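Going down the list, the protein sequences come from chains A and B.
To convert, note that position 4 of the first sequence is 3 in numbering that gives the first Met the number 0; the numbers rise steadily by one, no gaps.
To convert, note that position 51 of the second sequence is 50 in numbering that gives the first Met the number 0; the numbers rise steadily by one, no gaps.
For the record, the hints were derived by calculation from the structure and aren't laboratory data.
Remember, it's a predicted structure, so these values are computed and weren't measured experimentally.
Among these hints, one or two may not hold up.
What the hints assert, rightly or not - No more than 27 Å apart at the CA atoms, straight line, and that leaves these computed lysine-lysine pairs for DSS-like:
1) B:Lys251 to A:Lys100
2) A:Lys101 to B:Lys182
3) B:Lys123 to B:Lys29
4) B:Lys29 to B:Lys49
5) B:Lys251 to A:Lys101
6) B:Lys49 to B:Lys30
7) B:Lys251 to B:Lys49
8) B:Lys29 to A:Lys142
9) B:Lys171 to B:Lys49
Unchecked claim - Across the chosen pairs, the derived CB separations fall in these ranges:
10) A:Leu102 to B:Lys29: 46 to 56 Å
11) B:Glu260 to A:Trp131: 55 to 65 Å
12) B:Glu77 to A:Trp55: 16 to 26 Å
13) B:Val164 to A:Asn279: 33 to 43 Å
To be verified - A short, non-exhaustive set of chain A residues, derived as facing chain B with CB atoms under 7 Å:
14) Val88
15) Tyr135
16) Ala256
The C-beta atom is built at its ideal place from N, Cα and C for all residues, glycine as well.
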Amino acid sequence: MHAAVTEINHKKAASRVMPGFNLSLGFTVFYLGLIVLIPLSAVFLKTFTMTWDAFWATVTSERVVASYKLSFGASLLGATINVVFGGIVAWVLVRYRFPGKKLIDALVDLPFALPTAVAGIALTALYSSNGWLGRYLEPLGIKVAFTPLGVIVALTFIGLPFVVRTVQPVLEDVERELEEAAASLGATRLQTFLRVVLPTILPALLTGFALAFARATGEYGSVIFIAGNMPMVSEITPLFIVTKLEQYDYAGATAIAVVMLLASFTLLLTINLLQAWVRNRGRAKKV
Amino acid sequence: MRVLLIGIALLFLTLFLFVPLLAVFAEALKKGWDTYVAAIIEPDAWSAIKLTLLTAVIAVPLNLVFGVAAAWSIAKFEFRGKNILLTLIDLPFSVSPVISGLIYVLIFGAQGWIGPWLRDHDIKILFAVPGIVLATVFVTFPFVARELIPLMQSQGNEEEEAALVLGASGWKTFWHVTLPNIKWGLLYGVILCNARAMGEFGAVSVVSGHIRGETNTIPLQVEILYNEYNFSAAFAVASLLALLALVTLALKSFIEWRLHETTPQPSRQEH
Numbered sequence: 000m001h002a003a004v005t006e007i008n009h010k011k012a013a014s015r016v017m018p019g020f021n022l023s024l025g026f027t028v029f030y031l032g033l034i035v036l037i038p039l040s041a042v043f044l045k046t047f048t049m050t051w052d053a054f055w056a057t058v059t060s061e062r063v064v065a066s067y068k069l070s071f072g073a074s075l076l077g078a079t080i081n082v083v084f085g086g087i088v089a090w091v092l093v094r095y096r097f098p099g100k101k102l103i104d105a106l107v108d109l110p111f112a113l114p115t116a117v118a119g120i121a122l123t124a125l126y127s128s129n130g131w132l133g134r135y136l137e138p139l140g141i142k143v144a145f146t147p148l149g150v151i152v153a154l155t156f157i158g159l160p161f162v163v164r165t166v167q168p169v170l171e172d173v174e175r176e177l178e179e180a181a182a183s184l185g186a187t188r189l190q191t192f193l194r195v196v197l198p199t200i201l202p203a204l205l206t207g208f209a210l211a212f213a214r215a216t217g218e219y220g221s222v223i224f225i226a227g228n229m230p231m232v233s234e235i236t237p238l239f240i241v242t243k244l245e246q247y248d249y250a251g252a253t254a255i256a257v258v259m260l261l262a263s264f265t266l267l268l269t270i271n272l273l274q275a276w277v278r279n280r281g282r283a284k285k286v
Numbered sequence: 000m001r002v003l004l005i006g007i008a009l010l011f012l013t014l015f016l017f018v019p020l021l022a023v024f025a026e027a028l029k030k031g032w033d034t035y036v037a038a039i040i041e042p043d044a045w046s047a048i049k050l051t052l053l054t055a056v057i058a059v060p061l062n063l064v065f066g067v068a069a070a071w072s073i074a075k076f077e078f079r080g081k082n083i084l085l086t087l088i089d090l091p092f093s094v095s096p097v098i099s100g101l102i103y104v105l106i107f108g109a110q111g112w113i114g115p116w117l118r119d120h121d122i123k124i125l126f127a128v129p130g131i132v133l134a135t136v137f138v139t140f141p142f143v144a145r146e147l148i149p150l151m152q153s154q155g156n157e158e159e160e161a162a163l164v165l166g167a168s169g170w171k172t173f174w175h176v177t178l179p180n181i182k183w184g185l186l187y188g189v190i191l192c193n194a195r196a197m198g199e200f201g202a203v204s205v206v207s208g209h210i211r212g213e214t215n216t217i218p219l220q221v222e223i224l225y226n227e228y229n230f231s232a233a234f235a236v237a238s239l240l241a242l243l244a245l246v247t248l249a250l251k252s253f254i255e256w257r258l259h260e261t262t263p264q265p266s267r268q269e270h
């Protein structure tokens, strides 16, 4: 009893003791406002200077809609490729031992560290008709560079670490006993995977997918070199914003930016919910 | 099954990671070592290198100070609206690089909020160094904060409280108790922040104006050379950034190993 009271008093005293709350929070909010919130609000305020009709006409013009389709479609495909192969990479890195594993594990983060412009020109050089890969693909009738396929390749590259890095820790925590139990009860390997492993890593897979997708929709640097940037065919939405800016059509650029921002904020919300799901799964399992 | 899965994983990583990385160096050295060196010491490339270093030297410390302040307030205190603050700090990661540049055009541009005022007072922000620094600060904003917040939350307040009860001042407690505890996490954030600051392309491209020898950073110089079909020079300059990426990954692995040694903490996630 006495100990409990001193404990409480101690806690109260301590929370009063810790200094710097006003200073640190004040600076945090000030800097956040100055660098992020005020500039971002400019996008929305600028669109309010447009009439609704002008805004709607800009964001639904034929060429812009074609760019949404490409940006979202290629991002979806890239993220899907990463779910499949990123899932396999995560599995292999967690479950198996093989020479060079540590090095490979470290290099998975390369797309985070390699500047996007460098990735863009490297991929273009590889897949152009005389490149290391392009020279073998082109005789087969597969053109990658300067086509929508190139956009998918670039977006797969930049999204690669997300699925691996979200699935890896979850897979490390999976209790192998459950799989062994399932196997000893007569489940086949496929059944064990589908009924035991997949449900555990599903939230992480979805989170990785959403992160890769969100990153891909806004990506610019790695795509513009390989895409060829033909209107209606291989022009991504971020490039469209740049094109409008170069024509000094600030209102038009901003209108498309608003559409993209709304899409990213929706994705951010989805990702937050997915991550809460992953955490709850982890907690429920431990209880 | 095992061999098959390892085979698929390695094939995928080879095709999408190792071959592109190798291609950068192969293309850079295609015309020999002398051409390579000449491309890097060429005056425009050299001024791009200096501008990139200058940008990182300003942007990284700014976000470092912010990261420490944000982590201190969020990890050491309880207050309402903390979750909203956390989401807002991450916001720049979910904004397209192009939009990160656009917002500064809308403020400082000729038709922007304070563009006319700046023009009357002969202050250049857009299409000049300050704009490049600002856009870089924006895109690298969350890096240090997002590393430090979970680390400081997991460490709790006990050690600081002990120092304070024993009569140490707030600053002294920070320098001698908190800082040694978070130094590896801090370094981790700084390294990631620096890699992005030096390699940012989209945001900087929108605000730079692409003035050769003046407002071109290394990634922008790569683009210009590439668009002029000067491929070996483009790849030579790009290889500097690829080397930076490899050094970043090596340091990152080293720090992860140190963090693992010093604090047994839950597995890290990043994005």
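Exercise. Are Lys251 (chain B) and Lys101 (chain A) close enough, with their CA atoms no more than 27 Å apart?
Worked result: Between Lys251 (chain B) and Lys101 (chain A) the Cα gap is close to 13 Å, so the pair holds against 27 Å.
Exercise. Is Lys123 (chain B) close enough to Lys29 (chain B), meaning Cα to Cα at most 27 Å?
Worked result: Not satisfied, since the Cα-Cα distance of roughly 40 Å exceeds 27 Å.
For this session: Note whether the CB distance of Leu102 (chain A) and Lys29 (chain B) lies within 46 to 56 Å or breaks it.
Result: violated, 26 Å
Exercise. Between Lys101 (chain A) and Lys182 (chain B), does the CA-CA distance stay at or below 27 Å?
Worked result: Holds. Lys101 (chain A) to Lys182 (chain B) sits at ~24 Å (cutoff 27 Å).
For this session: Using 7 Å as the Cβ threshold, decide whether Val88 (chain A) counts as touching chain B.
Result: holds, 5 Å
Problem set entry | Agreement of Lys251 (chain B) and Lys100 (chain A) with the hint, judged by alpha carbon distance not exceeding 27 Å | Distance of about 16 Å is within 27 Å: holds.
Exercise. Given a hinted range of 55 to 65 Å, is it respected by the beta-carbon distance of Glu260 (chain B) and Trp131 (chain A)?
Worked result: violated, 40 Å
Exercise. Is it true that Glu77 (chain B) and Trp55 (chain A) lie within 16 to 26 Å of each other by Cβ?
Worked result: About 45 Å separates the Cβ atoms of Glu77 (chain B) and Trp55 (chain A), which means 16 to 26 Å is violated.
Problem set entry | 27 Å limit on alpha-carbon distance, applied to hinted pair Lys49 (chain B) and Lys30 (chain B) | The given pair, whose Cα atoms are some 25 Å apart, holds under the 27 Å limit.
Exercise. When you check the alpha-carbon spacing of Lys251 (chain B) and Lys49 (chain B), does it fall within 27 Å?
Worked result: Roughly 24 Å separates the two Cα atoms, so the pair holds.
Exercise. Taking 27 Å as the top limit, are the C-alpha atoms of Lys29 (chain B) and Lys142 (chain A) close enough?
Worked result: holds, 24 Å
For this session: Closer than 7 Å between Cβ atoms is the bar; does Ala256 (chain A) clear it against chain B? Give me holds or violated.
Result: holds, 5 Å
Of the hints listed earlier, those the structure fails to meet are numbers 3, 9, 10, 11, 12 and 15, in rising order.
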